[in-house]
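Visitor: Here are the chains, one letter per residue:
There are 2 protein chains.
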Amino acid sequence: MPLTANEPNRQTWIETSATTDFPIQNIPFGVFLTRDDIITIGTRIGDTAIDLGALHQLGYFEGIELTDDIFLQDSLNDFISDGQKTWRLVRNRISDIFLKDNPALRDNAEHKSKILFRLDEIEMQMPVEVGDYTDFYASKEHATNVGSLFRDPENALLPNWLRIPIGYHGRSSSIVPSGTPIRRPIGQTKPGDDGVPGFGPSKLLDFELEMAFITTDANHLGKRISVKDAKDYIFGLVLFNDWSARDIQAWEYVPLGPFLGKNFASTISPWIVTLDALEAFRVEGPKQDPAPLPYLKQEGKKNFDIKMQVAIQPENGEETVVATSNFKYMYWSMAQQFAHHTVNGCNVRSGDMMGSGTISGPTKDQYGSMLELTWRGQNPIKLKDGSERKFINDNDTVIMNAHCEKDGLRIGFGECSGKVLPALPL
Amino acid sequence: MPLTANEPNRQTWIETSATTDFPIQNIPFGVFLTRDDIITIGTRIGDTAIDLGALHQLGYFEGIELTDDIFLQDSLNDFISDGQKTWRLVRNRISDIFLKDNPALRDNAEHKSKILFRLDEIEMQMPVEVGDYTDFYASKEHATNVGSLFRDPENALLPNWLRIPIGYHGRSSSIVPSGTPIRRPIGQTKPGDDGVPGFGPSKLLDFELEMAFITTDANHLGKRISVKDAKDYIFGLVLFNDWSARDIQAWEYVPLGPFLGKNFASTISPWIVTLDALEAFRVEGPKQDPAPLPYLKQEGKKNFDIKMQVAIQPENGEETVVATSNFKYMYWSMAQQFAHHTVNGCNVRSGDMMGSGTISGPTKDQYGSMLELTWRGQNPIKLKDGSERKFINDNDTVIMNAHCEKDGLRIGFGECSGKVLPALPL
Numbered sequence: 001m002p003l004t005a006n007e008p009n010r011q012t013w014i015e016t017s018a019t020t021d022f023p024i025q026n027i028p029f030g031v032f033l034t035r036d037d038i039i040t041i042g043t044r045i046g047d048t049a050i051d052l053g054a055l056h057q058l059g060y061f062e063g064i065e066l067t068d069d070i071f072l073q074d075s076l077n078d079f080i081s082d083g084q085k086t087w088r089l090v091r092n093r094i095s096d097i098f099l100k101d102n103p104a105l106r107d108n109a110e111h112k113s114k115i116l117f118r119l120d121e122i123e124m125q126m127p128v129e130v131g132d133y134t135d136f137y138a139s140k141e142h143a144t145n146v147g148s149l150f151r152d153p154e155n156a157l158l159p160n161w162l163r164i165p166i167g168y169h170g171r172s173s174s175i176v177p178s179g180t181p182i183r184r185p186i187g188q189t190k191p192g193d194d195g196v197p198g199f200g201p202s203k204l205l206d207f208e209l210e211m212a213f214i215t216t217d218a219n220h221l222g223k224r225i226s227v228k229d230a231k232d233y234i235f236g237l238v239l240f241n242d243w244s245a246r247d248i249q250a251w252e253y254v255p256l257g258p259f260l261g262k263n264f265a266s267t268i269s270p271w272i273v274t275l276d277a278l279e280a281f282r283v284e285g286p287k288q289d290p291a292p293l294p295y296l297k298q299e300g301k302k303n304f305d306i307k308m309q310v311a312i313q314p315e316n317g318e319e320t321v322v323a324t325s326n327f328k329y330m331y332w333s334m335a336q337q338f339a340h341h342t343v344n345g346c347n348v349r350s351g352d353m354m355g356s357g358t359i360s361g362p363t364k365d366q367y368g369s370m371l372e373l374t375w376r377g378q379n380p381i382k383l384k385d386g387s388e389r390k391f392i393n394d395n396d397t398v399i400m401n402a403h404c405e406k407d408g409l410r411i412g413f414g415e416c417s418g419k420v421l422p423a424l425p426l
Numbered sequence: 001m002p003l004t005a006n007e008p009n010r011q012t013w014i015e016t017s018a019t020t021d022f023p024i025q026n027i028p029f030g031v032f033l034t035r036d037d038i039i040t041i042g043t044r045i046g047d048t049a050i051d052l053g054a055l056h057q058l059g060y061f062e063g064i065e066l067t068d069d070i071f072l073q074d075s076l077n078d079f080i081s082d083g084q085k086t087w088r089l090v091r092n093r094i095s096d097i098f099l100k101d102n103p104a105l106r107d108n109a110e111h112k113s114k115i116l117f118r119l120d121e122i123e124m125q126m127p128v129e130v131g132d133y134t135d136f137y138a139s140k141e142h143a144t145n146v147g148s149l150f151r152d153p154e155n156a157l158l159p160n161w162l163r164i165p166i167g168y169h170g171r172s173s174s175i176v177p178s179g180t181p182i183r184r185p186i187g188q189t190k191p192g193d194d195g196v197p198g199f200g201p202s203k204l205l206d207f208e209l210e211m212a213f214i215t216t217d218a219n220h221l222g223k224r225i226s227v228k229d230a231k232d233y234i235f236g237l238v239l240f241n242d243w244s245a246r247d248i249q250a251w252e253y254v255p256l257g258p259f260l261g262k263n264f265a266s267t268i269s270p271w272i273v274t275l276d277a278l279e280a281f282r283v284e285g286p287k288q289d290p291a292p293l294p295y296l297k298q299e300g301k302k303n304f305d306i307k308m309q310v311a312i313q314p315e316n317g318e319e320t321v322v323a324t325s326n327f328k329y330m331y332w333s334m335a336q337q338f339a340h341h342t343v344n345g346c347n348v349r350s351g352d353m354m355g356s357g358t359i360s361g362p363t364k365d366q367y368g369s370m371l372e373l374t375w376r377g378q379n380p381i382k383l384k385d386g387s388e389r390k391f392i393n394d395n396d397t398v399i400m401n402a403h404c405e406k407d408g409l410r411i412g413f414g415e416c417s418g419k420v421l422p423a424l425p426l
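Chain order of the listed sequences is A and B. So the first sequence is residues 1 to 426, counted in UniProt numbering. So the second sequence is residues 1 to 426, counted in UniProt numbering.
Each hint should be verified, as a subset may be incorrect.
Claimed, not checked - Straight-line Cα separation of at most 27 Å, DSSO-like style, residue types lysine-lysine; simulated pairs:
1. 406(B) x 190(B)
2. 419(B) x 190(A)
3. 203(A) x 419(A)
4. 297(B) x 228(A)
5. 223(A) x 190(B)
6. 287(B) x 364(B)
7. 223(A) x 419(B)
Stated by the list, open to error - A short list of chain B residues far from chain A (calculated; beta carbon distances all over 10 Å):
8. 66
9. 67
10. 104
11. 160
12. 280
13. 352
14. 385
It is worth saying that the hints were derived from the structure and are not from the lab. Every value quoted in this text rests on a predicted model; they were computed, and no experiment measured them. A virtual CB, placed ideally from N, CA and C, is assigned to each residue, including glycine.
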């Protein structure tokens with residue numbers, strides 16, 4: 001099916017700025033509360049939110065096979081279950097409805113009053129109910145940095161890393177949409193000289209700059225999905241902050257992996273940008289040496305050129321960009337992660353989320369966590385207000401952004417932010 | 001509220017054998033398909049399944065605040081969300097309805113035809129939709145055995161183990177009810193002399209003998225639950241087989257923990273036995289030395305005396321019991337696991353599942369996995385048909401059972417079984 005929604009020359013009758021993350025070529029999907037406190041599935045063009053539930057009720061999706069209440073839900077899971085053909089029909093249709101020269105909705109003031117919202121009239125929710133969330137560890141630079149810091153600089157990259165897209169299961173319940181405050185976690189830390197573990201608020205609270213992709217029902221238990229087919233089961237991507245308490249993590253993680261050092265919260269950007277909208281931004285990935293085993297072999301442009309940045313904003317202060325990175329640095333691609341995840345027959349469902357792991361680039365200003373940026377606090381970062389950070393302070397807000405840009409077309413993800421609140425009293 | 005349903009002298013008008021796992025003092029909860037292919041929530045006395053949806057429609061729960069469709073659902077999540085007071089009212093009422101001397105249903109043939117089913121008329125389903133599944137590692141004997149086998153016999157127990165109920169996140173999507181066949185997983189294994197990883201069906205497929213508990217909504221993100229309060233948020237327990245592919249696990253698990261070696265399948269017994277039904281079987285746990293940190297300190301009888309066993313049945317053969325163990329051997333109790341899981345503010349929801357980890361006892365016939373029982377294949381086990389097992393063969397069925405017994409009262413879990421099918425072709 002032609003992705004007409006992607007045509008770069010399309011213009012819309014909705015007012016948009018030249019630098020918006022959400023031109024008519026984006027058409028992301030999200031869930032929001034309207035000014036009447038009704039929950040609906042929606043999209044966004046520029047700074048205008050569009051109620052897809054209302055659009056559907058008013059007949060604008062005629063001819064596309066959709067149940068009546070498909071957009072009147074508190075998650076996208078059922079719509080995502082409808083599969084790639086339906087996503088494409090709907091995205092193309094939305095693009096047509098908002099085309100500059102299409103008067104159907106443009107000139108219908110009554111319909112517009114029911115369908116269009118200013119951003120300050122809506123409240124973004126979690127876009128999906130996440131069944132299972134997996135986090136990978138797919139940036140070679142990040143794995144090397146962490147291996148140096150946590151284990152042994154001489155053997156930073158473990159022998160399995162170049163063979164396997166290493167991943168682990170994370171916690172679904174604590175994934176929250178951008179804007180949700182994050183409570184500083186309490187926990188055990190490594191014993192001091194008296195042999196007794198420490199206990200209290202984490203002193204080494206960190207972010208991790210990641211992307212995550214959201215899947216549709218891919219396979220039944222026992223079946224596997226090939227690298228080639230994986231893309232058909234990826235609905236779209238969000239920005240992802242995998243909050244991490246480094247002191248809790250360091251004490252607990254051997255031998256079963258990260259647990260309470262991670263599961264107190266993860267933040268996502270609330271608009272899911274479809275894989276289709278990102279097609280024009282495919283690029284080659286890093287050369288893989290040794291060659292992956294046949295079930296992980298992938299030809300062609302397996303990565304995406306998505307510019308990412310993370311900033312820290314102290315309370316009442318200005319924000320300071322502390323790192324920039326790029327999704328193209330991923331050593332293992334999303335398709336390789338997907339194929340690996342299902343090679344043993346593990347089933348993947350609609351709304352499942354798979355994080356990339358921290359995306360660090362080759363230079364020191366491209367590291368995707370404070371752990372790496374300050375080299376475990378050895379090199380503090382100076383913020384614009386003159387204060388220094390080794391890790392994240394109480395009342396700091398961590399703000400991530402990401403976008404693609406090419407030939408004058410910009411497709412972005414909006415903001416993924418969270419403010420850190422002080423720990424609860426012990 | 002008095003747990004009248006637990007009174008040991010209660011007798012029922014339903015025919016039951018003296019050795020049933022499901023006397024009138026049990027009253028577990030499950031989900032099944034009826035002979036008319038209707039899905040309903042039910043309970044069980046002896047070998048009679050009881051349709052709670054029908055009981056409710058016919059007015060037998062009058063006076064208890066319940067929504068009309070609370071039992072006409074494909075999972076127990078909403079009922080569990082109703083909270084402990086409601087569970088107790090319902091369980092007591094069911095016990096009353098089936099009391100020997102209560103004629104209301106006993107003498108109403110028409111109602112009985114709508115409510116009661118033989119076991120061969122129904123098909124058990126997953127009792128809950130599992131939001132998040134966590135697996136702990138709470139048996140000291142198991143952790144010591146695995147540490148010896150996978151790492152270093154001299155330092156088998158890692159320094160954090162006696163301080164933290166070590167746990168990790170598992171995969172929810174692949175948890176299946178007893179009777180579901182399990183496909184042998186395919187995956188990567190440690191490189192041989194040529195440095196290239198192996199790839200193919202797992203050669204070291206294993207079971208893990210565990211219990212798992214199911215929670216209700218306990219806390220909002222950022223709040224914690226104390227050891228003392230934890231029991232109010234535990235709905236009940238099931239038997240749990242955490243299938244494990246030891247060769248896949250050994251190659252992948254450093255540094256982020258088990259992943260594809262575990263997430264291809266886990267099997268549960270389909271009837272959730274309530275924590276209330278197990279009250280009479282509380283016992284002291286192992287002495288904890290060093291003393292746990294204050295947030296993990298627990299007084300009184302923190303463990304449960306639940307006898308467990310696991311058997312292997314070759315195709316067309318007789319079953320051989322290969323191990324017996326007991327849930328009382330757990331070093332870290334369920335309440336301690338719960339308090340630890342939420343100490344950092346991680347939120348727990350209705351239907352979440354927390355596994356104990358393999359429950360191994362102190363003697364060699366009490367080890368809860370083939371890895372330990374055969375000491376990684378060094379000491380094969382002889383089955384009744386004369387064949388030997390180092391691990392699990394294709395077409396073997398692994399059958400777990402568990403029950404409590406005291407003063408003539410027996411409360412059991414029924415069966416947790418799964419047959420291993422050959423791997424799919426590469």
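Visitor: Which hint numbers doesn't this structure obey?
Guide: 1, 2, 4, 11, 13
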